[in-house]
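Enquirer: Residue-level listing of the chains:
Number of protein chains: 2
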Amino acid sequence: MKKSLGPKPLALPLPVWVIGVYDPSGRPNAMTASWAGMCCSKPPCLSVSIRAATYTHGCIMASKAFTVSVPSEAHAAQTDYFGAVSGRDKDKFAETGLTPVRAERVNAPYVGEFPVAIECRVVHVAELGLHTQFVGEIMDVKVEAGTLSEAGTLDIQAVRPIIYCPGTRTYHGLGVLLGRAGAMAAR
Amino acid sequence: MKKSLGPKPLALPLPVWVIGVYDPSGRPNAMTASWAGMCCSKPPCLSVSIRAATYTHGCIMASKAFTVSVPSEAHAAQTDYFGAVSGRDKDKFAETGLTPVRAERVNAPYVGEFPVAIECRVVHVAELGLHTQFVGEIMDVKVEAGTLSEAGTLDIQAVRPIIYCPGTRTYHGLGVLLGRAGAMAAR
Numbered sequence: 000m001k002k003s004l005g006p007k008p009l010a011l012p013l014p015v016w017v018i019g020v021y022d023p024s025g026r027p028n029a030m031t032a033s034w035a036g037m038c039c040s041k042p043p044c045l046s047v048s049i050r051a052a053t054y055t056h057g058c059i060m061a062s063k064a065f066t067v068s069v070p071s072e073a074h075a076a077q078t079d080y081f082g083a084v085s086g087r088d089k090d091k092f093a094e095t096g097l098t099p100v101r102a103e104r105v106n107a108p109y110v111g112e113f114p115v116a117i118e119c120r121v122v123h124v125a126e127l128g129l130h131t132q133f134v135g136e137i138m139d140v141k142v143e144a145g146t147l148s149e150a151g152t153l154d155i156q157a158v159r160p161i162i163y164c165p166g167t168r169t170y171h172g173l174g175v176l177l178g179r180a181g182a183m184a185a186r
Numbered sequence: 000m001k002k003s004l005g006p007k008p009l010a011l012p013l014p015v016w017v018i019g020v021y022d023p024s025g026r027p028n029a030m031t032a033s034w035a036g037m038c039c040s041k042p043p044c045l046s047v048s049i050r051a052a053t054y055t056h057g058c059i060m061a062s063k064a065f066t067v068s069v070p071s072e073a074h075a076a077q078t079d080y081f082g083a084v085s086g087r088d089k090d091k092f093a094e095t096g097l098t099p100v101r102a103e104r105v106n107a108p109y110v111g112e113f114p115v116a117i118e119c120r121v122v123h124v125a126e127l128g129l130h131t132q133f134v135g136e137i138m139d140v141k142v143e144a145g146t147l148s149e150a151g152t153l154d155i156q157a158v159r160p161i162i163y164c165p166g167t168r169t170y171h172g173l174g175v176l177l178g179r180a181g182a183m184a185a186r
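Line by line, the protein sequences give chains A and G. Heads up, the first sequence is in numbering that gives the first Met the number 0, so the first residue is 0 and it goes up one at a time. Heads up, the second sequence is in numbering that gives the first Met the number 0, so the first residue is 0 and it goes up one at a time.
Hints are not guaranteed to be accurate.
For chains that are exact copies, the list does not tell them apart, and a pair is met inside one copy or across any two.
Said to hold, decoys possible - With a cut-off of at most 30 Å between alpha-carbon atoms, the simulated DSS-like pairs for lysine-lysine come out as follows: (1) K63 <-> K89; (2) K41 <-> K2; (3) K63 <-> K2; (4) K63 <-> K41; (5) K1 <-> K89; (6) K41 <-> K1; (7) K63 <-> K1.
Note that these hints are calculated values from the structure, not bench results. Note that the structure is predicted; figures quoted are calculated from it, not measured.
Start from the sequences, fold in the hints, and give me the full structure.
Expert: Written out as structure tokens, the structure reads:
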């Protein structure tokens with residue numbers, strides 16, 4: 000018998016991504032977001048939802064571009080900082096000592112030290128309420144060489160990304176390999 | 000120095016959710032999806048992207064409703080099955096032995112044995128390419144009593160959800176607690 004918690008934003012597990020933008024003066028900024036995920040295979044698109052009150056929101060509206068930098072567990076404190084303060088008040092790259100790297104395919108910076116950078120151009124904007132959802136077409140995925148599997152694709156066990164739980168507001172690491180999609184269903 | 004992999008759908012980490020629907024005849028069906036995530040806090044909304052070719056797609060278009068059932072690690076094989084076959088060909092609930100439970104707030108079933116069920120009504124539909132993105136307003140979240148934290152909110156460490164890596168097509172468990180949002184950034 001399940002207990003009803005009411006209409007609350009408690010879906011899980013969620014990713015922890017850092018969204019990179021240039022502001023209208025060309026200064027790099029970034030913020031942490033977890034209301035985000037993949038949303039199309041062809042063309043490859045992901046979506047990120049951001050409140051209109053944030054500095055990043057206005058930057059994306061102006062540039063129509065952003066990056067997703069995927070942090071590793073080791074970057075958890077810096078990632079938390081990117082979510083805790085506003086780019087209006089602080090130069091977050093300078094404060095954390097992390098490096099803004101100019102993306103090649105879109106007008107936005109990514110975090111050089113994080114293992115994965117995804118360059119996106121905005122193709123769809125939906126005003127959903129408190130959050131605006133930006134759908135970004137993935138123009139390139141850049142990864143550290145050490146994060147590739149033997150088959151040459153991105154291996155989550157090498158990336159060691161951070162996972163978010165919205166109710167408890169906690170960050171978590173990745174656990175054990177459970178199996179391969181399409182190969183577990185035999186009963 | 001990062002290596003470019005080109006424009007590919009490789010963002011991670013991703014959730015593993017089972018999307019529940021009634022078909023036009025009232026038969027319960029469900030499919031596994033990972034192109035999904037939270038997308039708004041007020042009203043609370045999540046989004047799920049589904050290919051038009053799937054049986055579930057037509058069911059959501061007709062009913063304007065779906066559920067998200069969040070499986071635990073222990074349900075990995077059944078969850079993989081829900082993603083491997085079509086509801087056109089099989090009664091997936093009957094085949095897995097799992098129980099379709101009628102949602103209270105929307106016209107859709109959820110998986111009774113999974114620890115978390117989220118009832119959604121469709122409020123926005125975006126045709127993005129191969130995938131259609133459905134934004135669902137969360138009408139209720141139902142959870143097993145054993146998944147609540149001391150503060151009474153949903154605790155990911157009790158849910159033990161499954162995490163997906165698209166490149167390697169692998170399922171993973173949850174790892175260790177890294178810290179609390181807003182409490183790690185002090186430097």
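Enquirer: All the hints need checking, so say for each whether the structure fits it.
Expert: Here is what the structure says about each hint:
1. K63 <-> K89: within (22 Å within a copy, 43 Å between copies)
2. K41 <-> K2: between (39 Å within a copy, 22 Å between copies)
3. K63 <-> K2: between (42 Å within a copy, 24 Å between copies)
4. K63 <-> K41: both (20 Å within a copy, 24 Å between copies)
5. K1 <-> K89: Intra 45 Å, inter 27 Å, cutoff 30 Å: inter-copy only.
6. K41 <-> K1: Result: close only across copies, 24 Å inter versus 38 Å intra.
7. K63 <-> K1: Between copies only: 24 Å across chains, 43 Å inside a chain, cut-off 30 Å.
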